[in-house]
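Enquirer: Could you put together the complete structure from these sequences and hints?
There are 2 protein chains.
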Amino acid sequence: MTMSGTMRNHSAQGAHETDEQIMARRARLLGPAYRLFYERPVHLVRGKGIWLYDAQGRQYLDMYNNVACVGHAHPHVVKALHEQALTLNTHTRYLHSGILDYAEKLLGYFPPELSQVMFACTGSEANDLALRIAHLHSGGKGLIITETAYHGTTVTLAQASPSLGAAVTLGDFVRTVPPPDTYRGDPDQARARFAADVRSAIASLEAANIKPAALLIDGIFSSDGVFAHPIGVINDAVDEIRRAGGLYIADEVQPGFGRTGDGMWGFSRHGVVPDLVTLGKPMGNGHPVAGVVARPELLTEFGARSRYFNTFGGNPVSAAVGNAVLEVIEDETLIANARSRGLELRAGLEELAKRCELIGDIRGAGLFIGLELVKDRKTREPASAETAKLVNVLREKQILIGAAGPRGNCLKIRPPLCFSKENGEMFLARFEEALSEVAATSA
Amino acid sequence: MTMSGTMRNHSAQGAHETDEQIMARRARLLGPAYRLFYERPVHLVRGKGIWLYDAQGRQYLDMYNNVACVGHAHPHVVKALHEQALTLNTHTRYLHSGILDYAEKLLGYFPPELSQVMFACTGSEANDLALRIAHLHSGGKGLIITETAYHGTTVTLAQASPSLGAAVTLGDFVRTVPPPDTYRGDPDQARARFAADVRSAIASLEAANIKPAALLIDGIFSSDGVFAHPIGVINDAVDEIRRAGGLYIADEVQPGFGRTGDGMWGFSRHGVVPDLVTLGKPMGNGHPVAGVVARPELLTEFGARSRYFNTFGGNPVSAAVGNAVLEVIEDETLIANARSRGLELRAGLEELAKRCELIGDIRGAGLFIGLELVKDRKTREPASAETAKLVNVLREKQILIGAAGPRGNCLKIRPPLCFSKENGEMFLARFEEALSEVAATSA
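Top to bottom, those sequences are chains A and B. Numbering-wise (my numbering), the first sequence opens with residue 1 and increments by one. Numbering-wise (my numbering), the second sequence opens with residue 1 and increments by one.
Worth double-checking, as some hints may not be accurate.
Copies of one chain are not kept apart here, so a pair can be met inside one copy or by any two copies together.
Derived EDC-like pairs: lysine to aspartate or glutamate, alpha-carbon spacing no greater than 20 Å straight-line [claimed, not checked]: (1) 141 - 172; (2) 105 - 17; (3) 421 - 344; (4) 211 - 172.
Think of the hints as simulated: they come from the structure by calculation, not from any bench.
Expert: Here you go:
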């Protein structure tokens with residue numbers, strides 16, 4: 001073997017390593033771009049349904065994970081993965097019925113105008129492809145997003161993901177608009193305000209000689225802090241971008257696949273039909289599957305004037321996994337479960353808010369709940385430090401959760417859709433304890 | 001359920017569909033961007049080792065597929081996939097030893113300067129991330145690639161992938177250089193010429209006020225037509241880009257993981273150490289795994305000044321699969337096999353060339369062989385139509401193969417690395433038949 005073919009000594013060390021040793025190994029092998037959750041990171045070794053387990057066998061309630069949407073290591077999904085991987089896994093330039101059966105089933109959840117799909121492996125790839133389609137259609141590159149959006153990690157999308165922080169500069173082709181914030185703004189004005197903001201963004205692009213290509217928005221404004229209401233809030237803004245020659249791209253990477261409890265997609269709650277819909281995270285319950293659902297005239301145009309191929313996208317294994325996820329969502333009636341459990345959980349949180357002053361606002365849909373924490377309900381001063389603390393206190397209570405929003409004071413409550421009534425009760429009990437602890441130390 | 005939650009009628013039709021029906025369904029559901037190989041596309045249903053099987057049970061020899069590098073549906077790889085998927089699949093913001101054991105094993109195949117790795121899901125994502133790192137390091141965006149390169153499908157990389165054809169416009173930040181073509185140019189001059197071309201490209205970028213960020217080259221110039229020699233051909237060009245403040249990014253998505261028979265990577269044959277190395281296709285034997293291997297000082301800089309997270313990249317399942325692929329490459333001594341079988345195959349092709357005038361040049365390394373077909377050995381007029389025909393004749397003879405190069409007259413011979421002596425004999429026999437048929441009809 002040559003220099004590069006020679007193995008250095010190594011051995012699998014995970015089994016008897018301390019957390020500190022694992023962290024040191026991470027820093028050495030993966031570098032500083034890899035971040036960890038929590039002051040005291042969790043070393044996970046197993047997952048099952050709603051539960052995650054650490055190396056000591058401790059059980060954690062997963063309130064964070066919208067990826068493992070039908071539950072960790074779901075047997076039906078793993079079986080589909082295994083059986084297809086044993087049979088065949090190859091690219092899409094041969095005929096295979098798996099991708100078509102899956103495409104057909106998936107498109108069945110969309111309004112009839114959205115009748116074609118292209119596959120990719122990640123939400124980033126899906127959003128990036130949607131931009132290519134929008135660039136071609138509009139002849140421009142101008143992109144309108146919300147102020148704290150996250151859309152992906154490619155060269156182009158990182159420039160359109162302000163939630164990555166100040167270190168990543170926004171592209172000169174990007175304009176941001178405030179999300180329809182119904183807590184810090186008047187809900188009755190939200191729809192008109194959002195449309196006016198998009199109109200201003202279009203004008204700003206045009207003034208800079210940049211043709212608007214798309215309005216790209218998350219169907220529930222996840223990274224902006226979760227805004228699900230009022231119904232129809234985005235619709236006038238969609239008219240604005242279309243009038244300007246751009247497309248409305250619905251980013252369903254976070255809210256998609258039944259989480260809102262009102263059907264499969266965040267956008268459909270508003271009764272509007274996008275031009276392109278991007279799918280990712282929950283689509284394969286953790287397996288790298290993503291896609292762009294489109295009006296066929298856009299793909300006709302794209303197919304005639306450009307080219308796209310994704311070696312792994314839409315392969316038979318990915319298709320089998322995606323299909324199995326849809327079957328579980330149906331068989332276990334997870335959309336209805338998201339609605340019922342979401343309502344229960346919100347009722348419990350409303351109850352809690354009567355006793356816990358830190359809770360400023362509770363919003364969302366189904367099992368995508370945003371909970372905004374404030375130091376003072378009158379001034380609505382963000383309780384950013386308290387939220388960070390709360391997330392860490394909850395981790396010690398074996399509840400895994402995360403925060404979002406421009407001030408980091410919005411808890412994103414987003415458990416797998418197999419969440420039960422008992423899971424909700426457990427969460428509420430520990431959450432109340434944690435809130436009291438945080439309130440006591442910060443008072 | 002709402003409008004979008006309602007299922008349209010559908011049923012799995014694959015089992016009793018004709019190829020024509022499947023093609024019609026593809027066009028309807030996936031649109032025109034999805035292309036098929038061969039005049040008469042192949043409907044595959046199963047794979048095992050070197051073999052692929054169609055719906056009628058016919059067996060095809062896979063001479064195309066550098067993705068299923070250790071063989072289709074390899075039991076060791078599928079077992080690793082299955083066991084980890086049954087156990088846990090989650091993102092990298094928790095501690096998990098799987099990604100570290102894999103990173104450690106993978107980095108063991110690299111020179112010591114390249115000691116850190118970041119994970120993604122596709123070669124496109126890996127190249128795109130490498131560009132983000134190079135942009136940050138150089139402060140520029142200028143990119144130098146070869147004339148018929150393919151580097152990926154994102155907004156940025158599609159602009160740096162001339163092999164996508166004229167429909168995709170090259171970016172204004174891109175300059176192309178001819179590959180070191182040792183058939184149509186003097187091999188003794190190849191190294192100096194390649195360096196001079198890169199120098200001119202740098203000058204052209206600088207004249208346009210574009211700072212050079214990187215020289216991004218495929219370690220075996222796959223899409224340019226496969227150029228593996230002379231050893232060291234890229235090295236002076238690498239010095240040029242570094243002198244200009246840019247990085248040398250080795251795109252190992254196609255040649256990587258032992259295919260060249262001279263160790264694991266295409267670049268290492270030249271005895272040069274890249275700044276960044278991008279990995280994809282064969283890394284997971286078809287599972288979506290990719291990565292960027294880097295000099296740690298570049299990731300320190302990137303981690304301090306930018307952010308990256310990939311939901312699926314480096315998850316426990318991907319790490320287990322990647323690790324299993326490396327184990328198979330070792331256990332089955334596939335690098336040595338690539339070398340021996342590659343030498344045998346080339347010797348057989350040289351023999352064939354004595355009888356078949358269409359063969360103009362045979363080149364490559366290990367089991368990555370480029371075979372250039374010409375109408376006339378003196379004028380070297382490309383036999384482009386004959387090559388297209390040959391690919392289709394071979395398909396009828398149950399040999400799956402593809403072509404590349406700017407004139408489409410280079411066969412890419414790239415079977416899974418478990419290729420045997422008997423597979424080679426079978427290929428050579430059918431290839432000779434096919435060559436005779438094509439020569440007879442085009443004479």
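Enquirer: Would you mind marking each hint as holding or not holding in the structure?
Expert: Now for the hints, and whether the structure bears them out:
For the identical chains of this complex, residue 141 and residue 172 are neighbours both inside a copy (10 Å) and across copies (15 Å), given an alpha-carbon limit of 20 Å. Taking identical chains as interchangeable, the C-alpha atoms of residue 105 and residue 17 lie at most 20 Å apart only when they sit on different chains, with a minimum of 17 Å there against 45 Å within one chain. In this assembly of identical chains, residue 421 and residue 344 lie within 20 Å of each other by CA distance solely inside one copy; the values are 8 Å within and 66 Å between copies. Both within a single protomer and between protomers do residue 211 and residue 172 lie at most 20 Å apart by alpha-carbon distance, with minima of 12 Å and 18 Å respectively.
The structure is consistent with each of the numbered hints, conforming to all of them.
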